[in-house]
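Once you know that position 34 of the sequence shown is 33 in numbering that gives the first Met the number 0, the rest is easy, because the numbers rise by one and skip nothing.
To be clear, the hints were calculated from the coordinates, so they are not data collected in a lab.
Warning: the hint list may mix true and false statements.
With a cut-off of at most 27 Å between alpha-carbon atoms, the simulated BS3-like pairs for lysine-lysine come out as follows [what the hints assert, rightly or not]: (1) Lys193 to Lys298; (2) Lys85 to Lys29; (3) Lys69 to Lys28; (4) Lys298 to Lys251; (5) Lys193 to Lys69; (6) Lys274 to Lys311; (7) Lys69 to Lys85; (8) Lys29 to Lys69; (9) Lys330 to Lys298; (10) Lys193 to Lys116; (11) Lys274 to Lys193; (12) Lys298 to Lys313; (13) Lys28 to Lys116; (14) Lys298 to Lys311.
DEER-style ranges, computed between Cβ atoms [said to hold, decoys possible]: (15) Leu289 to Asn177: 50 to 60 Å; (16) Lys251 to Phe309: 58 to 68 Å; (17) His138 to Glu181: 20 to 30 Å; (18) Tyr277 to Asn233: 47 to 57 Å; (19) Asn101 to Asp178: 30 to 40 Å; (20) Asn124 to Ser235: 19 to 29 Å; (21) Gly283 to Arg185: 13 to 23 Å.
The beta carbon of each residue, even a glycine, is placed where N, CA and C say it ideally should be.
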Amino acid sequence: MTMVTFPRGGSLKLLHVSRRGRQALLEFKKDLVDDYGSLSSRRSEDEYKNCCNWEGVHCSNQTGHVLELKLYHHGFQGIISPSLLKLPYLTSLDLSFNIHLNQSHFPEFISSLSNLKHLDLSVTNLNGTIPHHLGNLSHLQYLNLGGNDLTVDNLEWLSHLSSIEDLNLTTTNLSVANDWLEVVSRLPNLTSLKLRSCEIPSSMSEISFLNHPDLSYNHLSGKIPLSTQLQSFNASSFAGNPALCGLPLSQKCWLGEQTPNQSEAIEEYGDEFWKWFYGTTGFGFVVGFLGVCGSLLLKDSWRHAYFLLFEKMKDWLCVRMAVNMARLRRKFQRPR
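The task is simple: from the sequences and hints, build the whole structure.
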């Protein structure tokens, strides 16, 4: 983008931002503490009045509409002003790495910037829940909300971002969004995915369109599901997950290291086995006990022989104990 046009006469002519756009940018600047003077021009006063000359502000050559705000790493403080709604032609908003912003929650008005194709609010001290209305940005191709303290209750809104190609939700708490994989699978243009706080289910093998996944440092565990797509990823995509095993990692999976589905099946099988074991053991004990005792009660000769055997065993034990005791006494009573 440039901020000048060349008329037919060949002379240089500055392109002025629209009145509405200038008002929006001045209000936007008013809500920020700009210690480094980023939202200004180092040129003449007349040029300063034209906001298209501000650093990071890019306007259309033909209309003067503000198209892009690339204000990353500018040390801003304050809040992100809703005055940006007065920039209906804005296609790119990058405020990343302004870590001193005092935005206590996600600026929901951004969901109304319907022409946005590029949105980067990474590392801007945001917290709270990502609003569902963000799904209104159907033209969005790049979304980066990483490095903040954000959460989601579900990711249904994400399925409406049909044009998304690059998605970064690093450090976002996805623990309650059980549907994230199903939603991501419905994004046909997605080629780059960066997530955290997720557990790899077997169904992830169905994803076949990712070129640059990043699932590193996610506290993942278990065996990486077998899939041509997953095995083709670089090992760095799974770095920082010491409990993961299987290709493309060098860590081999042993017999005890099972996938979540396998673990559930083994646990279920184990429960059934112990139920069967205790049931049959109890039944066998009852049958055996009744078989022996019933025979003794019903058969006099067996009962007589059984008790006679016990009497003989008792007499034998008594004799052996008496003999052994006598030997011990003689041994200790021998004169020295």
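For each hint, the structure was consulted:
no., hint, verdict
1, Lys193 to Lys298, "violated (80 Å)"
2, Lys85 to Lys29, "holds (15 Å)"
3, Lys69 to Lys28, "holds (14 Å)"
4, Lys298 to Lys251, "violated (65 Å)"
5, Lys193 to Lys69, "holds (22 Å)"
6, Lys274 to Lys311, "violated (42 Å)"
7, Lys69 to Lys85, "holds (17 Å)"
8, Lys29 to Lys69, "holds (17 Å)"
9, Lys330 to Lys298, "violated (49 Å)"
10, Lys193 to Lys116, "holds (18 Å)"
11, Lys274 to Lys193, "violated (44 Å)"
12, Lys298 to Lys313, "holds (23 Å)"
13, Lys28 to Lys116, "holds (23 Å)"
14, Lys298 to Lys311, "holds (20 Å)"
15, Leu289 to Asn177: 50 to 60 Å, "holds (53 Å)"
16, Lys251 to Phe309: 58 to 68 Å, "holds (60 Å)"
17, His138 to Glu181: 20 to 30 Å, "holds (23 Å)"
18, Tyr277 to Asn233: 47 to 57 Å, "holds (50 Å)"
19, Asn101 to Asp178: 30 to 40 Å, "holds (33 Å)"
20, Asn124 to Ser235: 19 to 29 Å, "holds (28 Å)"
21, Gly283 to Arg185: 13 to 23 Å, "violated (55 Å)"
Going through the hint list in order, the structure does not satisfy hints 1, 4, 6, 9, 11 and 21.
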